Amino acid sequence: MNEFLEQFLVEARELVEQAVADLLALEREPGDRASLDGSFRAFHTLKGGAGIVDFAAMGRAMHAAEDVLSMVRRGDRAVTAALIGDCLACLDQVVQWLDSIEESGELPSGADAAAGRLAVRFAAGEAAIEVAKTEAPAVGGETPASATASAILREQIALLAIRGEGLEGRIASAGRVAANVFRHLGRPDVAERIADAVTESLAGPERESVARAIESAMESLNAAPAPDPIEPVANRPDPLSRSLRVDAERVDALVSLTGELTVAKNAFRHIAMLAQEGDNPLSASIGSEYGKLDRLINGLQRAVLELRILPLRRVFQRFSRLVREMSETLARPVRLVIEGEETQADKAIVEMLFEPLLHVVRNAMDHGVEPSAERAAVGKSAIATICLRARREGEHVVVEVEDDGRGIDTDRVRTVAVERGLATFDIVAGMSEGAVIDLIFMAGFSTTTDVSDLSGRGVGMDAVRASIERLGGRVQLETRKGAGAIVRFVLPFSVMMTRVMTVEAGGQWFGIPLDAVIETIRVPRHEIRSVGKAHALVLRNRTVPLIGLAATLGWAKAESSADATVVVASSGGVSGGLEVDRLGARMDVMLKPAEGLLSGIPAIAGTTMLGDGGVLLVLDVKEVFTLTTS
Amino acid sequence: MVFKILVVDDSKLARMAVGKVLAGLYPNWTRVEAANADEALAALDEQKPDLVVVDFNMPGRNGLDIAAELRRIRPTMPVAVISANHQQEIIDRANAVGATFLSKPITEPALRDFLAGAVRQIQAGAK
Amino acid sequence: MADRKMRILVVDDANLIRLYYRRILEEAGFEVEEALNGIEGLERLLVSPADALIVDINMPQMDGVTFLSALRRQALPLSSIPALVTSTESSAGDIATARAAGANFYCVKPIGREDLAGAMAMFCGVRA
Numbered sequence: 001m002n003e004f005l006e007q008f009l010v011e012a013r014e015l016v017e018q019a020v021a022d023l024l025a026l027e028r029e030p031g032d033r034a035s036l037d038g039s040f041r042a043f044h045t046l047k048g049g050a051g052i053v054d055f056a057a058m059g060r061a062m063h064a065a066e067d068v069l070s071m072v073r074r075g076d077r078a079v080t081a082a083l084i085g086d087c088l089a090c091l092d093q094v095v096q097w098l099d100s101i102e103e104s105g106e107l108p109s110g111a112d113a114a115a116g117r118l119a120v121r122f123a124a125g126e127a128a129i130e131v132a133k134t135e136a137p138a139v140g141g142e143t144p145a146s147a148t149a150s151a152i153l154r155e156q157i158a159l160l161a162i163r164g165e166g167l168e169g170r171i172a173s174a175g176r177v178a179a180n181v182f183r184h185l186g187r188p189d190v191a192e193r194i195a196d197a198v199t200e201s202l203a204g205p206e207r208e209s210v211a212r213a214i215e216s217a218m219e220s221l222n223a224a225p226a227p228d229p230i231e232p233v234a235n236r237p238d239p240l241s242r243s244l245r246v247d248a249e250r251v252d253a254l255v256s257l258t259g260e261l262t263v264a265k266n267a268f269r270h271i272a273m274l275a276q277e278g279d280n281p282l283s284a285s286i287g288s289e290y291g292k293l294d295r296l297i298n299g300l301q302r303a304v305l306e307l308r309i310l311p312l313r314r315v316f317q318r319f320s321r322l323v324r325e326m327s328e329t330l331a332r333p334v335r336l337v338i339e340g341e342e343t344q345a346d347k348a349i350v351e352m353l354f355e356p357l358l359h360v361v362r363n364a365m366d367h368g369v370e371p372s373a374e375r376a377a378v379g380k381s382a383i384a385t386i387c388l389r390a391r392r393e394g395e396h397v398v399v400e401v402e403d404d405g406r407g408i409d410t411d412r413v414r415t416v417a418v419e420r421g422l423a424t425f426d427i428v429a430g431m432s433e434g435a436v437i438d439l440i441f442m443a444g445f446s447t448t449t450d451v452s453d454l455s456g457r458g459v460g461m462d463a464v465r466a467s468i469e470r471l472g473g474r475v476q477l478e479t480r481k482g483a484g485a486i487v488r489f490v491l492p493f494s495v496m497m498t499r500v501m502t503v504e505a506g507g508q509w510f511g512i513p514l515d516a517v518i519e520t521i522r523v524p525r526h527e528i529r530s531v532g533k534a535h536a537l538v539l540r541n542r543t544v545p546l547i548g549l550a551a552t553l554g555w556a557k558a559e560s561s562a563d564a565t566v567v568v569a570s571s572g573g574v575s576g577g578l579e580v581d582r583l584g585a586r587m588d589v590m591l592k593p594a595e596g597l598l599s600g601i602p603a604i605a606g607t608t609m610l611g612d613g614g615v616l617l618v619l620d621v622k623e624v625f626t627l628t629t630s
Numbered sequence: 001m002v003f004k005i006l007v008v009d010d011s012k013l014a015r016m017a018v019g020k021v022l023a024g025l026y027p028n029w030t031r032v033e034a035a036n037a038d039e040a041l042a043a044l045d046e047q048k049p050d051l052v053v054v055d056f057n058m059p060g061r062n063g064l065d066i067a068a069e070l071r072r073i074r075p076t077m078p079v080a081v082i083s084a085n086h087q088q089e090i091i092d093r094a095n096a097v098g099a100t101f102l103s104k105p106i107t108e109p110a111l112r113d114f115l116a117g118a119v120r121q122i123q124a125g126a127k
Numbered sequence: 001m002a003d004r005k006m007r008i009l010v011v012d013d014a015n016l017i018r019l020y021y022r023r024i025l026e027e028a029g030f031e032v033e034e035a036l037n038g039i040e041g042l043e044r045l046l047v048s049p050a051d052a053l054i055v056d057i058n059m060p061q062m063d064g065v066t067f068l069s070a071l072r073r074q075a076l077p078l079s080s081i082p083a084l085v086t087s088t089e090s091s092a093g094d095i096a097t098a099r100a101a102g103a104n105f106y107c108v109k110p111i112g113r114e115d116l117a118g119a120m121a122m123f124c125g126v127r128a
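Protein chains in written order, with the numbering used here: chain A, 1 to 630; chain B, 1 to 127; chain C, 1 to 128.
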C-alpha cells in the first residue's frame with residue numbers, strides 16, 4: 001500500500017471518530033454551533049482526503065453530507081433525527097470502505113453504487129419520506145388512536161423541515177395541528193407550549209423551535225414526567241495539544257526490548273553479587289554502577305509502559321452510536337450517559353474491553369431495561385438510562401455499566417440454575433443472595449427463553465468474566481430488584497507483563513519469571529550430591545542447592561532419566577537450581593495475584609490463564625528456595 | 001534558485017499531496033510543514049521560508065486568518081490560500097489580504113503558476 | 001373552546017365523496033361545508049374560514065396541490081388552516097409533493113369512518 005493510502009486510512013479513521021462524536025452532540029443539542037462546524041469540517045476534510053487518493057465515490061458521498069450540513073449552517077434546514085441518522089450512515093459506509101482498503105490495499109470496487117444510495121438518501125431526506133417511516137424518538141406501547149396521533153405529529157415535524165414559499169403558512173399550520181392533537185389527547189399544557197413555540201418561530205429567525213417543541217412533547221405522550229436534561233458533551237481533545245502518532249508495533253517492540261533489557265540487567269546483578277562475594281576489588285564500583293543501571297532501567301520500563309496508556313474514551317465512544325441503534329431496534333427509549341471517559345488505562349486493556357462491555361450493555365438493554373409500558377406502570381421515567389463510567393482507584397481502573405432497569409431477580413436465577421442442572425434445589429435454597437448472583441457467571445446460564453438477535457447465543461457472563469480475568473481483573477455484580485444493576489470491572493491500571501519461562505514438573509506447567517533465571521543446564525545424575533536430605537550440585541566451583549520442583553510443591557515426581565534438567569535461578573539474594581521435567585516456551589503473561597485456594601499454597605506468586613484455558617502457576621522463586629531451607 | 005516553502009494544513013495527507021506536486025515541479029526546493037497557526041508562526045520565525053501555502057479549512061484559526069497574519073509579519077512574502085470551497089467570497093477575502101487563491105485538490109499547472117509568480121516576486125523584491 | 005361546532009371544508013369534485021364525508025362528520029359533531037374545486041375552495045375560505053380542510057389531489061379547474069400552495073401563501077390566520085390531503089395514489093413522490101405544498105397529513109382513499117372523524121378531531125383540537 002502506498003504511503004498516501006496509509007496516511008489516508010489513519011486520518012480518515014480519526015476524522016470519522018470525531019465526526020460521530022460531533023454529530024451525536026449535535027443531535028442532543030441542535031443549537032451547538034461547535035458540533036455543527038466540527039461535523040461539517042470533518043466531512044469536508046474527508047472529502048479532500050478522498051480526492052487526494054482518487055476515491056471519487058467517497059468524495060461524492062462526503063460532498064452530499066457536506067451539502068446537507070452546509071444547509072443546516074445557513075439555517076435552511078433543521079437538525080432532525082433523520083438528518084443525523086443519514087450522516088451517521090454515511091460515516092458507517094466510510095468505515096466499511098476503510099476496512100476494505102486496509103484488507104486489500106486498494107480502493108474498494110462497487111463503491112459507486114453505495115455512494116449513489118447515500119446521495120439519494122440525503123436528497124430523499126428533504127422530501128419523499130413516507131409518513132409511516134419518518135424517524136422520530138421511539139415512543140413505545142401505543143394504542144391505535146395514539147398511533148395515529150404519533151403519525152400526525154411526525155408528519156408535522158417533516159412538514160416543518162421544508163423551506164421555500166409559503167413557509168409561514170406551513171409553520172403555522174403544522175404548529176396548529178400539533179397543538180390541537182395534544183388538546184385532543186387532553187394535554188392542553190403541552191398544546192400551549194407548542195403554540196408558544198409557533199409564535200416565537202414566526203416572530204424571529206429561530207425556526208427550529210416548533211419542531212423541537214413537538215419532538216419533546218412526543219416524549220411525554222406516555223404521561224410520564226420529562227426526563228432530566230442530557231449530560232454534558234464529551235470532552236473535546238485540545239486541537240493544539242502536542243502529540244505524536246506512532247505505530248503500535250513500534251511501541252510493542254520498545255516494550256519487548258525493555259523486557260529483554262531487564263533480563264540482561266539481572267544477569268549483570270548476578271555478576272555484581274559474585275564480585276562482592278569473591279572480594280573482588282572492583283566489586284564496590286560494579287555494585288554502585290549496577291544500582292544506577294537498575295534505577296534507570298526500571299524508570300525506562302515504567303515510561304515505556306506509559307506509552308501504551310490510552311484514554312477509555314476510545315472504547316466508550318463506540319457505544320454512543322450502538323446504544324442509539326439498539327434503542328431504535330428494540331423500540332425501547334434508552335439514553336446513554338458516559339462519565340470519566342478521560343480515565344486512562346493500558347492499551348491492551350482498552351482494546352480488549354470492548355467485547356465484554358458490549359455484551360454487558362446489550363444485556364442491560366435487552367433484558368435489564370423494561371418496555372416503556374412496564375416502566376410507566378412502576379412510575380419510572382419513560383426513557384431508561386444506561387451509565388457507562390470509569391475511574392481510577394489507586395492501582396486499579398474501575399469500569400461500571402449501570403442501568404435503571406428491572407434488576408436481577410434472584411428467585412428466577414435460583415429456578416433457572418436448578419432447571420439447567422447447574423445446582424441442586426437444596427444447595428440453591430441455602431445460598432446467600434451474593435452466591436446466587438454468582439451463579440450467573442456459570443457457563444450455560446441464561447434466564448432468557450427467547451433468542452434475541454442482539455445478545456446472541458451462548459455468550460454469557462462466564463465469557464465476560466473469563467475475558468476480564470485474562471486481563472488481570474475481576475468482575476462484580478450488584479443489583480437491586482426493580483431498580484437496576486451495576487456490572488463492575490476492576491482492572492489493573494498498568495499491565496504487569498511478566499516475562500516467564502515455562503517449565504513442566506510433575507505433570508503441571510509452571511512459569512518462572514525470566515528476570516530470576518540465570519541459566520538452564522543439563523546435569524548428569526551422578527553429579528548431583530546429597531547433602532543430608534537435600535541435594536546440591538557444583539556449578540563453576542560453587543555449591544548450589546538443587547530442588548526438585550515437583551517434589552517440593554507436593555506433586556508427584558516423574559521418573560528420573562539420565563540427565564536432570566535444571567533451571568538455575570536467583571531472587572532476593574537466594575539462589576539455587578530447580579529440577580524440572582522439561583522446559584517450555586518463554587512468554588509474556590499478565591500476572592494475577594493468587595487468590596482463594598491458591599493463595600494458601602506457598603511459593604506461587606500468581607497465576608495466569610493460558611490460551612487453551614489452562615492455568616499457569618507462576619513461581620515466587622525466592623519463596624521456593626526459602627521453603628526448602630527452613 | 002532553491003527556495004524554501006512552508007505548507008500549512010492540519011491534514012498530513014493534504015501536506016503530502018502538496019509535497020508530491022511540488023516535488024514534480026521543483027525537486028530541489030526544501031519544504032517545511034506546519035499543522036496549525038502556532039506551528040506556522042513558529043516555522044516562519046525559525047525556518048524563514050520564502051513562500052507559504054495555507055489550507056483554508058482548519059480548526060481553530062482558519063487559513064485566511066493565518067494568511068493575513070503572515071502577510072502582516074512579512075508583507076513581501078508570497079502567500080497562497082488553498083480551499084476546496086470555491087465561493088467567490090473566499091476568493092475575494094484571500095485577495096483582500098494579498099494572498100493568491102488556489103483550488104483544492106492542488107494541480108500541477110495551478111501550483112506552477114503560483115510558484116512562477118512567487119519566484120518573480122521574490123527576485124524582484126531582492127533587488 | 002368546545003362550545004361551538006368545528007367547521008370542516010370538504011374540497012372534492014366527486015358528489016358521492018362529499019356526501020360520504022358529510023354524513024360521517026356531521027354524525028361526529030362537525031359542521032360541514034363543500035367546494036367542488038380549488039377555486040371554489042379558496043372563495044369559501046375567504047368568506048368564512050374553516051377549522052380544518054379535507055382536499056382531494058385530483059380536481060379540475062384547480063387541483064389540490066395548487067390550491068394548498070396558494071392557501072399557504074395567504075396571510076395568517078387563513079394560511080394556517082390544517083389540511084388533510086386525500087388521493088387514490090400512495091407513492092412517496094406524491095406524498096412529498098403534497099407535503100411540499102403544505103399538507104399536514106396525507107390519506108389514501110377510501111378513508112375509513114373512524115380515521116376520518118379521528119383525524120378531524122385531532123386537527124381541530126376536539127377532546128377525545
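Please note that a few of the clues may not be correct.
Unchecked claim - List time: in silico SDA-like cross-link candidates among lysine to any residue, alpha-carbon distance up to 20 Å:
no., chain 1, residue 1, chain 2, residue 2
1, C, Lys109, A, Thr148
2, B, Lys12, A, Thr148
3, B, Lys20, A, Leu185
4, A, Lys347, A, Ser256
5, B, Lys12, A, Gly38
6, C, Lys5, C, Asn37
7, B, Lys12, A, Phe4
8, B, Lys12, A, Ser256
9, B, Lys12, A, Val16
10, B, Lys12, A, Lys347
11, C, Lys5, A, Leu185
12, B, Lys20, A, Ala248
Said to hold, decoys possible - If you only want the chain A side, here are some residues facing chain B, beta carbon under 8 Å, derived:
no., residue
13, Asn2
14, Phe4
15, Gln7
16, Phe8
17, Glu11
18, Pro30
19, Arg41
20, Lys47
21, Gly48
22, Gly51
23, Ile52
24, His367
Read the hints as simulated data drawn from the structure, not as lab findings.
Treat the numbers as computed from the prediction; the structure is a model and nothing was measured.
In this text, a Cβ means the ideal position worked out from N, Cα and C, and glycines have one as well.
Tested hints:
no.: 1; hint: C/Lys109 / A/Thr148; verdict: holds (16 Å)
no.: 2; hint: B/Lys12 / A/Thr148; verdict: violated (53 Å)
no.: 3; hint: B/Lys20 / A/Leu185; verdict: violated (66 Å)
no.: 4; hint: A/Lys347 / A/Ser256; verdict: holds (15 Å)
no.: 5; hint: B/Lys12 / A/Gly38; verdict: holds (18 Å)
no.: 6; hint: C/Lys5 / C/Asn37; verdict: violated (24 Å)
no.: 7; hint: B/Lys12 / A/Phe4; verdict: holds (10 Å)
no.: 8; hint: B/Lys12 / A/Ser256; verdict: violated (30 Å)
no.: 9; hint: B/Lys12 / A/Val16; verdict: holds (16 Å)
no.: 10; hint: B/Lys12 / A/Lys347; verdict: violated (24 Å)
no.: 11; hint: C/Lys5 / A/Leu185; verdict: holds (18 Å)
no.: 12; hint: B/Lys20 / A/Ala248; verdict: violated (27 Å)
no.: 13; hint: Asn2; verdict: violated (10 Å)
no.: 14; hint: Phe4; verdict: holds (6 Å)
no.: 15; hint: Gln7; verdict: holds (5 Å)
no.: 16; hint: Phe8; verdict: holds (5 Å)
no.: 17; hint: Glu11; verdict: holds (5 Å)
no.: 18; hint: Pro30; verdict: violated (21 Å)
no.: 19; hint: Arg41; verdict: holds (6 Å)
no.: 20; hint: Lys47; verdict: holds (7 Å)
no.: 21; hint: Gly48; verdict: holds (6 Å)
no.: 22; hint: Gly51; verdict: holds (5 Å)
no.: 23; hint: Ile52; verdict: holds (4 Å)
no.: 24; hint: His367; verdict: violated (42 Å)
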